[in-house]
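*Asks:* Each chain, letter by letter, is given below.
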Amino acid sequence: MLTRIEDQFIAFLDSLSKSYFLVQKTILGCFAKPFEAKLVVYQMVSIGYRSLPVAMLTAFSVGMVLALQAGYSGMYVFNEPLYVGTIVAFSIVKELGPVLTATVITGRVGAAITAELGTMKVTEQIDALYTLGTNPIKYLAVPRFLACITMIPILTAISNILSIIGGWVVSRFKLDIPSTIYWSDTLDFLRIDDFFHGFIKSFFFAAIIGFVSIYKGFETKGGAQGVGKATTQSVVTTLVLIVVTDYFISVVLVAIGIG
Amino acid sequence: MIRINDVHKHFRENYVLRGVNLEVNDGETLTIIGGSGSGKTVLLRHIVGLFHPERGTVEVDGVNLGEVAEEELQEVQKKMGFLFQDGALFDSLSSGENVAFGLRHQGLPESLISRKVAECLEHVGLSGIENIRPSELSGGMKKRVALARAIARDPKYMLYDEPTTGLDPIFSDVINDLIIHLQKTLKMTSIVVTHDLKSVYKVSTKIAMLLEGRIIATGTPDEFKNTTDPYVQQFLNGSSKGPIKLKIKEY
Ligand SMILES: Nc1ncnc2c1ncn2[C@@H]1O[C@H](COP(=O)(O)OP(=O)(O)OP(=O)(O)O)[C@@H](O)[C@H]1O
Ligand SMILES: [Mg+2]
Chain H
-3 MLTRIEDQFI AFLDSLSKSY FLVQKTILGC FAKPFEAKLV VYQMVSIGYR
47 SLPVAMLTAF SVGMVLALQA GYSGMYVFNE PLYVGTIVAF SIVKELGPVL
97 TATVITGRVG AAITAELGTM KVTEQIDALY TLGTNPIKYL AVPRFLACIT
147 MIPILTAISN ILSIIGGWVV SRFKLDIPST IYWSDTLDFL RIDDFFHGFI
197 KSFFFAAIIG FVSIYKGFET KGGAQGVGKA TTQSVVTTLV LIVVTDYFIS
247 VVLVAIGIG
Chain C
76 MIRINDVHKH FRENYVLRGV NLEVNDGETL TIIGGSGSGK TVLLRHIVGL
126 FHPERGTVEV DGVNLGEVAE EELQEVQKKM GFLFQDGALF DSLSSGENVA
176 FGLRHQGLPE SLISRKVAEC LEHVGLSGIE NIRPSELSGG MKKRVALARA
226 IARDPKYMLY DEPTTGLDPI FSDVINDLII HLQKTLKMTS IVVTHDLKSV
276 YKVSTKIAML LEGRIIATGT PDEFKNTTDP YVQQFLNGSS KGPIKLKIKE
326 Y
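Line by line, the protein sequences are chains H and C. To convert, note that position 111 of the first sequence is 107 in this note's numbering; the numbers rise steadily by one, no gaps. To convert, note that position 170 of the second sequence is 245 in this note's numbering; the numbers rise steadily by one, no gaps.
FYI, nobody ran anything at the bench for these hints, they're computed from the structure. Please read all numbers here as calculations on a predicted model, not as lab measurements. Treat the hints loosely; a few may be bogus.
[Stated by the list, open to error] Selected chain C positions facing chain H (in silico; Cβ < 10 Å): (1) G124; (2) Q152; (3) D161; (4) G177; (5) L261.
[What the hints assert, rightly or not] What follows is a set of in silico ranges between Cβ atoms, one per label pair, in the way DEER data are often shown: (6) H:F31 with C:S167: 44 to 54 Å; (7) H:S13 with C:S167: 27 to 37 Å; (8) C:D243 with H:D10: 16 to 26 Å; (9) H:Q4 with C:K273: 41 to 51 Å; (10) H:F31 with C:G110: 46 to 56 Å; (11) C:F86 with H:A251: 21 to 31 Å; (12) C:N206 with H:Q4: 41 to 51 Å; (13) H:S13 with C:G137: 22 to 32 Å; (14) H:D10 with C:T280: 35 to 45 Å; (15) H:I196 with C:G137: 44 to 54 Å.
Glycine residues also receive a C-beta, built at the ideal position from the N, C-alpha and C atoms.
From just these sequences and the hints, can you work out the full model?
*Replies:* Shown next, in the form of structure tokens:
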């Protein structure tokens, strides 16, 4: 009994140190030659461009439903759907945009990265890289990390716009709010700080998605079953970390006056 | 020269290597024989630096692999080719790209690379399959592409993990000839792990037998043929009766 807890504790410390070294090596690897530009672009396309449809669809729907709920709540309290644009814009730009985009990307990209790297690990392809004089961090981790950290914030920004448009569609055609009111509600109160509040968050989420999925992939053990397990763990760990860090990043950003 | 000194390695309660001592001189072809699961692959992985010994040392050209920094380890690894038991081909790349992989990072011109790739594939009897994906190859073909990839950089040391397993008798002999050819023309030093006694006698200049985590016998092929060691005798005769204890049911 005691040894089991002991073992688990040691395994936990071990994974902490391993993930620390992975993060360190990946970040240093971004600045070390040779630069694998082709691989980075390839990953940017597969992570960023291919995620665009699903991210946009989600964002649009969320904007619509937010406007709907805000409008009905407004009618219930004030007999009139007031400030729908403001509510949509603030909740999307500061909170829902970054978090929901990160969630969608975790399911699409994080899982794929872990499954791919995990399969390479259990079929000894990562060992083969070493024996052919190639560093797997440089060749596999860095391009994926760079693609995450650049593409996810861009996806977040695009999603924000789509959500606000979704909100406008509902406000205009369902709640009968004149377009000019919706847009002035949206744009008059939103400051550049609010935008950065969400944008900075999305960088942190991107880093979490990248590091967790790469780490879980590299640490995969035990055949096809191991790949499945690693992929599930990767998604769950990423989602929990995103939601938990979201709170703390928000607190810190507000404290230093961003948003 | 490769010098393995008192190497130990275990996985949980499974003590696989329990003090392996072995020396491989330049130009030699050493074959390692031993039962399935006796730790031959684990030993090879120590020599290419994929595993580090828990106790003992592995030295390649005087460099202790367990102690050097990652960059220096990579420099040593560049001198070595390793044929994985299961091939370990990159399934996202074509066969030709797999063979070219190690060459790409040497800054060679493209024309030279494609010539070298064609040459290596010809060595293993697979000319013209450059554009085929590994997933579309048979098991034996995968193994041969993996072999082509491992020898493409003309490594000083070449480690073969069961190069002929899964190949028909004729192709097994082609691979044996290739190993001998590489040793003769390029003075390649080879370590071959195999269960194929015919190729043991054909390619080796030295044989070592691994049993219960230790090297229990080394010698030339002739010495092994005339051995009086009951363990070696049992293994070479392929008999289930003898001093080697197998955890199996008796009939
Ligand atoms: N990564 C690993 N994790 C845990 N145990 C391992 C690992 N690799 C090998 N082993 C164990 O080490 C022992 C030796 O394995 P190894 O692959 O070296 O055998 P082998 O001599 O190459 O056998 P074969 O001839 O069948 O290929 C086995 O009992 C195996 O279970
Ligand atoms: Mg083996």
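*Asks:* If a hint holds in the structure, say so; if it doesn't, say that too.
*Replies:* These are the hints, each one checked on the structure:
no., hint, result
1, G124, "holds (7 Å)"
2, Q152, "holds (6 Å)"
3, D161, "holds (7 Å)"
4, G177, "holds (4 Å)"
5, L261, "violated (18 Å)"
6, H:F31 with C:S167: 44 to 54 Å, "violated (20 Å)"
7, H:S13 with C:S167: 27 to 37 Å, "holds (30 Å)"
8, C:D243 with H:D10: 16 to 26 Å, "violated (45 Å)"
9, H:Q4 with C:K273: 41 to 51 Å, "holds (50 Å)"
10, H:F31 with C:G110: 46 to 56 Å, "holds (47 Å)"
11, C:F86 with H:A251: 21 to 31 Å, "violated (49 Å)"
12, C:N206 with H:Q4: 41 to 51 Å, "holds (49 Å)"
13, H:S13 with C:G137: 22 to 32 Å, "holds (31 Å)"
14, H:D10 with C:T280: 35 to 45 Å, "holds (43 Å)"
15, H:I196 with C:G137: 44 to 54 Å, "holds (51 Å)"
In this structure, the earlier hints numbered 5, 6, 8, 11 are contradicted, and the remaining ones agree with it.
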